[in-house]
Amino acid sequence: MNERSIRMRWSRSAVAWTVVIVALMAILTAEGIAEWRNGEPAAGIVCWVIAAAMSVCALWTPLRIIVTDRQIQLCRPVGRLRINRSDIVRVEEVSSGVVLNSFRVGSGGPFGYWGRWQSDILGWYTLFATNLKDLCLIRLSNGRAYIVSSRTQLLTIKQGASR
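Per the working numbering, residue 1 is the first one in the sequence shown, and the count goes up by one each step.
Honestly, the hints are just simulated from the structure, not real lab data.
Please note that the accuracy of each hint is not assured.
What the hints assert, rightly or not - Here are the computed distance ranges between Cβ atoms for each label pair:
no., residue 1, residue 2, range
1, Gly106, Arg82, 16 to 22 Å
2, Arg12, Ala51, 22 to 28 Å
3, Arg7, Gly97, 22 to 28 Å
4, Asn38, Gly123, 49 to 55 Å
5, Asp120, Asn38, 48 to 54 Å
All C-beta atoms, glycine included, are put in the ideal place defined by N, C-alpha and C.
Turn these sequences into a full structure, and let the hints steer you where they fit.
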């Protein structure tokens, strides 16, 4: 089986947002622990909520794309999104403006760009990116759409769609 692994390259803004959010959450957690030790039980609950939210975000972080003869796998620390290459009907470049003007249910910078997003132009799509300057749309026969960063790998994906 032919397999190619594509590491996700992070944009400076995604790295900056991630660092800022992690630092802010660390400060809030430290303050919450101090308040909890002073007899404020609600502060302990807030710390657990922050820790859970940060963990979920970190586990959904885009890591790499694996392209095989049969599938494109979008890899995260936990789980993979699998796209059968035979289901691909179209692959095309997408501008970052489409993504930036989308309604989002997911992360818009911290820990990458991921989740379910919706735009007037594309409808609902799953975003899996770490850089908004390098995007391509993968449209499937069942109507689902994925936008991934790694437009530089567009030809590899297109060749799979034509098989």
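The hints, checked one at a time:
no.: 1; hint: Gly106 / Arg82: 16 to 22 Å; result: holds, 19 Å
no.: 2; hint: Arg12 / Ala51: 22 to 28 Å; result: holds, 27 Å
no.: 3; hint: Arg7 / Gly97: 22 to 28 Å; result: holds, 26 Å
no.: 4; hint: Asn38 / Gly123: 49 to 55 Å; result: holds, 50 Å
no.: 5; hint: Asp120 / Asn38: 48 to 54 Å; result: holds, 50 Å
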